[in-house]
Amino acid sequence: QVQLLQSGGEVKKPGASVKVSCQASGYTFTSKAISWVRQAPGQGLEWMGWISTNNGNTNYGQNFQGRVTMTTDTSTSTAYMELRSLRFDDTAVYYCVRGSFAGNGAFDLWGQGTLVTVSS
Amino acid sequence: QSALTQPPSASGSPGQSVTISCTGTSNDVGGYNYVSWYQQHPGKAPKLIIYEVTKRPSGVPDRFSGSTSGNTASLTVSGLQAEDEADYYCSSYSGSRNGGFFGTGTRVTVL
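Taken in sequence, the protein lines are chains A and B. Heads up: the first sequence begins at 1 in the numbering used here, then just goes up one per residue. Heads up: the second sequence begins at 1 in the numbering used here, then just goes up one per residue.
By construction, these hints were calculated from the structure, which means they are not laboratory data. All values derive from a computational prediction rather than experimental measurement. For glycine and all other residues, C-beta sits at the position ideal for the given N, C-alpha and C. Among the hints, a few may not be true.
[To be verified] Just a few of them, taken from the derived set where beta-carbon distance is under 7 angstroms, the chain B residues facing chain A:
hint, residue
1, Y89
2, G95
3, S96
4, G99
5, F102
[To be verified] Restraint-style ranges between C-beta atoms, simulated for each label pair:
hint, chain 1, residue 1, chain 2, residue 2, range
6, B, S11, A, G42, 41 to 51 angstroms
7, A, G15, B, E85, 38 to 48 angstroms
8, A, D73, B, D62, 33 to 43 angstroms
Throw the hints in and build the complete structure from the sequences for me.
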């Protein structure tokens with residue numbers, strides 16, 4: 001079954017870091033990039049950046065540069081997104097998605113989402 | 001510009017058509033054929049329904065169609081069905097950002 005399976009929800013305090021994982025199955029992991037998209041409660045979608053699953057090259061959105069790191073482990077077909085210095089407004093559902101704006105911009109496979117709650 | 005502009009809401013009766021606009025600039029929607037559309041039902045992950053302006057992934061009904069004119073992309077849903085009630089988002093590559101971004105989202109209501 002072709003899918004992206006994400007890690008479970010997290011509760012973090014302001015200033016902490018969170019690392020979300022995303023394991024791909026059912027297709028060749030290195031055939032397409034992985035992007036990350038988040039959605040705050042009741043809000044729209046926000047693109048965070050993408051990582052090449054071939055060579056690890058990354059491109060981060062302006063709003064996240066300096067605070068986010070995306071990595072992959074090709075041996076386990078897993079992508080990771082770490083967000084540091086968490087703020088209350090980082091509370092959101094974080095999605096890993098297959099595809100990137102460096103390709104045709106089509107995100108054709110979505111993970112189930114990981115809710116990250118930032119609370120004191 | 002932080003997001004593409006969409007109307008907050010749209011509606012239509014079953015069987016009718018509804019068209020959603022997505023307005024950007026010549027650096028994104030108007031400059032590249034990399035506009036996609038996503039459908040999101042409450043509590044679910046978004047689903048790709050249109051890519052490269054007009055193309056439909058396998059399994060997406062041909063009731064969904066996309067187009068562009070200048071800096072504005074459009075999604076038309078023909079023959080509205082109850083299951084089409086959802087939030088819809090456009091997205092586009094942006095040459096000025098070397099990345100891309102999403103639209104503000106449109107909630108479609110089937111009356």
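Evaluated hints:
no. : hint                              : in the structure
1   : Y89                               : 5 angstroms, holds
2   : G95                               : 10 angstroms, violated
3   : S96                               : 10 angstroms, violated
4   : G99                               : 5 angstroms, holds
5   : F102                              : 4 angstroms, holds
6   : B:S11 / A:G42: 41 to 51 angstroms : 20 angstroms, violated
7   : A:G15 / B:E85: 38 to 48 angstroms : 40 angstroms, holds
8   : A:D73 / B:D62: 33 to 43 angstroms : 40 angstroms, holds
This entry does not satisfy hints 2, 3 and 6, going by the numbered hints stated previously.
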